[in-house]
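Peer 1: Quick mapping for you: the protein sequence lines, in order, are chains W and C.
Residue numbers for the first sequence follow the numbering used here, so the first one is 1 and each next one is one higher.
Residue numbers for the second sequence follow the numbering used here, so the first one is 1 and each next one is one higher.
One or more of the hints may lead you astray.
[Claimed, not checked] Below 20 Å or equal to it, Euclidean Cα-Cα: the simulated EDC-like pairs (lysine to aspartate or glutamate) are:
hint : chain 1 : residue 1 : chain 2 : residue 2
1    : W       : Lys161    : C       : Glu247
2    : W       : Lys95     : W       : Asp78
3    : C       : Lys243    : C       : Asp123
4    : W       : Lys7      : C       : Glu69
5    : W       : Lys161    : C       : Asp244
6    : W       : Lys133    : C       : Asp276
7    : W       : Lys133    : W       : Asp78
These are computed hints drawn from the structure, not numbers from a lab.
Here is how the chains run, residue by residue.
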Amino acid sequence: MFAYLLKRVFMLLPLFIGITLITFVVIHLAPGEPVEMQTALSPKASAKSRERLREYYGLDKPLHVQYISWLGRLSRLDFGRSFSPDGRPVIDKIKERIPVTLSINFIALVLEFGLAIPIGIIAATHRNSLIDKGITFLVFIGFAVPTFWLSLLMMYVFGVKLGILPISGLHSLGGDRLTGFAWLLDTGRHLVLPLGVATFGALAGLSRYTRATMLEVLGQDYITTARGKGLPERVVIYRHALRNALLPIITILGFSLPGLIGGSVIFETIFAIPGMGQLFYQGVMSRDYPLVMGILVIGALLTLVGNLLADLLYAVADPRIRHG
Amino acid sequence: MPPVKTYYSREIFDRFSANRFACAGALIVIALFVISFLAPYITPYAPDDLDAYHVLLPPSSLHWMGTDELGRDVLTRIIFGARISLKVGFVAVGISAVVGTAAGLLAGYFGRWVDQLLMRLVDIMLCFPTFFLILAVIAMLEPSIWYIMIVIGLTGWMGVARLVRAEVLSLREREFVLAARGIGASDLRIIFRHVLPNAMSPVLVTATLGVAGAILTESALSFLGIGVQPPTPSWGNMLTAGKDYLEFAWWLSLFPGLAILVTVIAYNLVGEGLQDALDPRMPR
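Only chain W is shown next, with the shape it has when bound in the complex:
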């Protein structure tokens, strides 16, 4: 196990280099010198910030020198200063927002897996029944519905028409002063719609995948054996089949992370949630160059770590990987 862990961690290094290289390419994608583009397009970029940018990226030096020095700064978590009037270091701004986005995504992930796996099992065990068809229909809607449109509809129904749920922010006005249960209730009410929307979209793919792997496992010889020796169906499904079907689902956990983090741009913007996605969107709109690059790198790193965790979880669950 330890050797496997070491190998996986060692593999992170080339991936990390690759991520930074691609990000570096994106920075230099802009036609002309980035500093000029920045000042030409954003009136907010003063002479001072232009100077800062030139200094930060060392734009007068050759490319490889620029890259190495930028990499050195990254390793010290120095992403430069934001272009916004406050001019704060990018890393401070990101640090404030990360907990919000990560906790929302974590809850969404738990909900998603908690709902999708039972749904997939029911669909697989009642294959081609009315329930299965109903689930398939919902899954198709879930695949196709644009998150932002679903958000608008939910805001209209629950916020405007029924008036039972708040439609923006994380707290009511003055909600910061609430404590204990009252604070939890207030935040929870604000999270119902964003979490509902975030979960619904992701639910589709995962429950469909669970159904497919379940069906595959149910066709295996050891299931026929288990049934043949007269085990109750419940034991066959939950003890024999589910365990084996869950294995590939763990890998999906790793794959779904970039989607979740990327998706946070949409629902955080719509529901005015002060997370990393909203910060990124604001950065893009005001062409806050250092901020955009900082979040891009951090988003990719979070995914990298998430993938590693999913792989390790898989190794723990499946001895064939560990010893292979």
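Got chain W; can you put chain C on it based on the hints?
Peer 2: Relative to chain W, chain C alone:
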């Protein structure tokens, strides 16, 4: 030897047309194409016809989907928006299919360092939250429909590359490829004549599903204001404009979203239908 025998494609067609849902999807897709091509002839209004006397009218016999805040006919704009969606879907997916197939072919066929290099690139690209990457690139460049199509295409090829590589790895050792090599066929000839045609079916499925994904991504970008710029109508930017009138003009928010939903469902149905038709072994 022809790489695909005619009776095989006939079989696929029969299996596809036996699937009612897939046919329904295909009909919708065809209808969307026809509507997009004929847009100026079948709409009674122009997409940018302002009408100050008829703003924010609810759906009626004159304006089936109502009018927007500038008095423009919503149905007309949705029909013209279909053009954007089709264009984005096909160009973006065309790019990712070509790049992905090329990368997969090279990696699978030549193996060794070519394979290592390309597959590690795939791993790296998969680490980026795609939507972040697209937004960052668009932030560097101007928001324009061409950049959007290119960026969506260049961030979506990794899945295709992996699929094609896997196919090529198994095809490479098949007897007909070995035989072709034995009689002295060049790498190019083997790749294009023997390997590629046999590796195309997963690409077709992924590409069809990819069109749906690209349409969703474009609409999200346009909704956020960094995609197709008004006054050009796209389903995404129509929703942005409609958002401000959510309380008293629901039709501005309902219909463009339904258009996206129906289109995406149609492409997904066709994609799944193709998958079943091409690979009948899959349990359903």
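Peer 1: For every hint, state whether the structure bears it out.
Peer 2: Cross-check of the supplied hints:
Only pairs whose Cα atoms come within 20 Å are accepted, and Lys161(W) paired with Glu247(C) is accepted, the gap being roughly 8 Å. Between Lys95(W) and Asp78(W) the CA atoms are separated by roughly 12 Å; this keeps the pair inside 20 Å, and the hint holds. At most 20 Å may separate the alpha-carbon atoms for a hinted pair to count; Lys243(C) and Asp123(C) exceed this at roughly 38 Å. For the suggested pair Lys7(W) and Glu69(C), the alpha carbons sit about 60 Å apart, so the restraint of at most 20 Å is broken.
Between Lys161(W) and Asp244(C) the alpha-carbon distance is near 15 Å, which keeps this suggested pair within the 20 Å criterion. Simply put, Lys133(W) and Asp276(C) have alpha-carbon atoms about 17 Å apart, close enough for the 20 Å limit, and the pair holds. A distance of roughly 52 Å separates the Cα atoms of Lys133(W) and Asp78(W); the hinted pair therefore is violated under the 20 Å criterion.
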